[in-house]
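Peer 1: Take the given structure of chain L and dock chain F with the ligands to it, following the hints.
First to last, the sequence lines map onto chains L and F.
Mapping to UniProt numbering: the first sequence position 83 is 83, numbers consecutive.
Mapping to UniProt numbering: the second sequence position 441 is 441, numbers consecutive.
Derived by calculation from the structure, the hints in this document are not laboratory data.
Quantities reported herein were computed from a predicted structural model and do not represent experimental measurements.
Check the hints yourself; a few may be wrong.
[Unchecked claim] The calculated lysine to aspartate or glutamate pairs, modelled on EDC-like cross-linking and capped at a C-alpha distance of 16 Å, are:
#1 K356/L - D428/L
#2 K321/L - D345/L
#3 K67/L - E5/F
#4 K403/F - E5/L
#5 K67/F - E5/L
Number of protein chains: 2
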Amino acid sequence: MSIFEQGLSRSEVNHIPLSPLSFIERSAAVHPNRPAVIHGSIRRTWAETYTRCRRLASALAGRGIGKGDTVAVMLPNIPQMLEAHFGVPMIGAVLNTLNVRLDAEAIAFMLQHGEAKVLIADREYQEVIHAAIGMLDHPPLLIDVDDPEYGEGLPISDLEYEALLAEGDPAFAWQWPDDEWQAISLNYTSGTTGNPKGVVYHHRGAYLNALGNQMVWAMGNHPVYLWTLPMFHCNGWCYPWTVTALAGAHVFLRRVDPQKILTLIHEHRVTHLCGAPIVLNALVNMPDSAKAAIDHPVHAMVAGAAPPAKVIGAVEEMGIKVTHVYGLTEVYGPVTVCAWHEEWDELPLDERARIKARQGVRYPTLEGVMVADPQTLEPVPRDGDTIGEIFMRGNTVMKGYLKNPSATAEAFEGGWFHTGDLAVWHPDGYVEIKDRLKDIVISGGENISTIEVEGVLYRHHGVLEAAVVARPDEKWGETPCAFVTLKAGHERTSEAEIIAFCREHLAGFKIPRRVVFSELPKTSTGKIQKYVLRDRARAL
Amino acid sequence: MSIFEQGLSRSEVNHIPLSPLSFIERSAAVHPNRPAVIHGSIRRTWAETYTRCRRLASALAGRGIGKGDTVAVMLPNIPQMLEAHFGVPMIGAVLNTLNVRLDAEAIAFMLQHGEAKVLIADREYQEVIHAAIGMLDHPPLLIDVDDPEYGEGLPISDLEYEALLAEGDPAFAWQWPDDEWQAISLNYTSGTTGNPKGVVYHHRGAYLNALGNQMVWAMGNHPVYLWTLPMFHCNGWCYPWTVTALAGAHVFLRRVDPQKILTLIHEHRVTHLCGAPIVLNALVNMPDSAKAAIDHPVHAMVAGAAPPAKVIGAVEEMGIKVTHVYGLTEVYGPVTVCAWHEEWDELPLDERARIKARQGVRYPTLEGVMVADPQTLEPVPRDGDTIGEIFMRGNTVMKGYLKNPSATAEAFEGGWFHTGDLAVWHPDGYVEIKDRLKDIVISGGENISTIEVEGVLYRHHGVLEAAVVARPDEKWGETPCAFVTLKAGHERTSEAEIIAFCREHLAGFKIPRRVVFSELPKTSTGKIQKYVLRDRARAL
Ligand SMILES: Nc1ncnc2c1ncn2[C@@H]1O[C@H](COP(=O)(O)OP(=O)(O)OP(=O)(O)O)[C@@H](O)[C@H]1O
Ligand SMILES: Nc1ncnc2c1ncn2[C@@H]1O[C@H](COP(=O)(O)OP(=O)(O)OP(=O)(O)O)[C@@H](O)[C@H]1O
Ligand SMILES: [Mg+2]
Ligand SMILES: [Mg+2]
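Bound conformation, chain L alone (with noise of 0.2 Å):
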């Protein structure tokens, strides 16, 4: 053995299992009297947001709660749920985001699935709450969380949150996890490709990935951030604890609203939010006189789906700067980042914006991503060409699917978490997707990537929103189908406009075969469901 394990064990005064609620106590001690929360009228200071977090988890104590257990939520973007990510894991139990715009039957699946002892939930989900509840053998204990920005709404049950925090001790000596793997969270999965899966988070990932995000966006203390993501989303994608880590303020936001927005950065001087493309893309779509409330640096990251470079090039000309990352729930949120090389200001904002709509290169808190075959996980080559599977490795992958061993297994197969998105991986190790394993067209035998037509779909001057997916082809196998919305004012343009705008920009095999012009489907979480689509188009 060799000298430098003899005597030099692990113990308690030098290994404490990493965990995010560190960062609360901190702040709360240091910048007590800092800004916190701003939601409405609301206003509170990091002590105030702290002392409400112990009397949480104090008072879910109190109730029999403790770790393992599960404490589901069903909350907007406000500040319990906030609280929920520090209260519910400071008794050792796991936080079970729900995605608010689901239907009683997956919430149903979802409690019963995860074993949820407590569900805190909005008012105004009251109806999908009680006919979830109602399908349940064994329901949670309730908890009717009572917003004063939705107004009048239903109560939940007779459990009010703030008679709940009543119940507990404004100074409750919580306890670090035993271990840094302990699970802290449980997050099913957008279900973009059909079935939502349970997706496990640890105290160890939580704490790396919200350190990834502040390093790798150089946020610096004291951001202003502002809630356009939803949190139920791979816990915010760890921002409820970056934010926190940085002592920065949350301004919430319960329902996406570019207007709202707009008058929510300006009052605040918000310098930080998160999003889906299609709401960067809103923003894009606002009148210039409300885009002209954005008069100090504002820096927007993006993920969730591939934003296209024209969205990219539109949201930095209105002033907000715009840093790609890309993630999944498996990985806690965003893991790669299109690292910016300083020399690419030079190029011209097109170029730019093209470079920016790529994935990029692993976090310093991921430690590996290749670009590889599916099957045998052999690289391709660095040739900007050849598409491949995204594989990733390191400390923020999950512990796994919650009661899904195989799904697990699979998902882990080779030792390598498999993404199922292809990409192609560029000659300076940027990655770049080109779709999703499950969505990419193959025509004739040829790859064509949807996120590319899409990319020209959404140059054409009256195209709003577009989607590409596989339509079942005798003669070819498949052929691309187009699905668009249009911009107010462009309602005339016509199936043959888009074809030929698309002839001059794609090689032909790529060129959509049919344009639908309609409302595209979408997730939650802002995502557009092609499964959806697919199903129409066979039906065409």
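Peer 2: Just chain F with the ligands now, with coordinates in the frame of chain L:
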């Protein structure tokens, strides 16, 4: 067993030892062409630097060095020192950075105690090295470093560093550590209080403190970092790893020279540097014409000894923003920071400097700090007045002292690391060091903080440096005795004048009874060796 523990165990996909080695791989991959190394006329990119590290690792492996072996280096701040911080741990070996100012006997002791298999040394230390090697039964393999910035010098051995690199494979597939608890480096303490101890660091702690540094200092991407701090000191406070993680540029400096520092800051647009108060003080005492070189934002992190408020104020007036941190070899360098509150910016310079002279609060990456009774470990009241010892616990506390289980046990007694530093705890939670446990003066039963008395001495316009120690006294037990160096042009300042000045600013029992004008003995990290002064005071 909870559902969150079933079938969700660690695997190679989701659990990888935390290691700073991850940082250089990433920076070389993502920013291959950015400047990594600036030294005299040498310029190297991140790709080149990474290749050199891999060559070093491969060459050492080729010579039979491997996991758990000690590789010692006796190097000033030159690129080879950076390379050793990655190349050595790449093969699981442990880096022992020797203090370049030590004498042959001390070096021989460390080489023997640390069981070094290899010693990489700069020609400047040829004589000392040969003398030290002569004292050893099993001399290590000697590698000769011939730095062009040193000039002509006698070779240390006939194996030159560049020749060693040439033996190595530039694409060497280095191994990740098996365990993040594995040792990465061995650092002997400064020996300020007498006998240096061998502090062992692990990969986990090095990774975390590297992240902690960039976070508390809000460093952003691509800092230009000037090596004013000795890299052999606590592995340069983990900055070899921090700056690399941020793909910054390391600007090297063989020897601290205030004029050279100002020139380099100007020439390379240096953004960040670290150092002991004494280094900053040297800058302050440069002529105004030289100081005019600082015409862009520069950030200095200061620690190692209590910076007199006067010095902080003067540095900030030069246009350098000071961040005051505190730490010890035992905790990877800095682990507390005087986290700044914006509202303090409004205060007059003096007041600001006084606030900033406090050692502050824990890094987000250190889990606990307290001021408590040295015996009972009972926290002292946060009254800014009661003196206690600083205790720490967390993931950036050392593995322990090498081959010294009793010293380790003593340092960790009661579940906290005993720093040996005495401090008060302010109502706002900030810690302020008053003295070392071994340095405090106890006069007539009253504690006298030597740091407080020194702070007053520094305010006298003729004083360049000052140190106060205890002198045995029949009546009072001890009385304070001051050692002072005078500024050029103030050589005629008298003992009586200094004592009169102290009388204006200190309670009677705190006034030094004797003031001795002399040079101050220092460790090579720039700290005053008070144990030497105590002997002198006793002999007066
Ligand atoms: N920057 C991005 N560019 C392109 N696609 C992205 C980007 N960020 C995320 N995505 C897509 O989102 C997916 C991750 O989304 P999420 O985990 O929310 O659920 P989902 O994969 O949509 O749902 P399910 O796994 O249930 O089908 C990625 O696999 C990828 O396809
Ligand atoms: N910001 C600071 N303010 C006051 N003192 C400081 C500060 N930073 C470091 N120190 C002092 O430096 C000490 C740590 O120094 P280091 O580990 O280099 O060796 P040392 O303690 O001087 O040597 P030895 O332990 O061998 O006596 C701390 O214990 C503290 O006394
Ligand atoms: Mg998915
Ligand atoms: Mg010490």
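Peer 1: Determine for every hint whether it applies to the structure shown.
Peer 2: Here is how each hint holds up against the structure:
1. K356/L - D428/L: Roughly 13 Å between the alpha carbons, so the hint for K356/L and D428/L holds.
2. K321/L - D345/L: 12 Å, holds
3. K67/L - E5/F: 11 Å, holds
4. K403/F - E5/L: Within the cut-off at roughly 10 Å; holds.
5. K67/F - E5/L: 11 Å, holds
Comparing the model with each numbered hint stated earlier shows that all of them hold.
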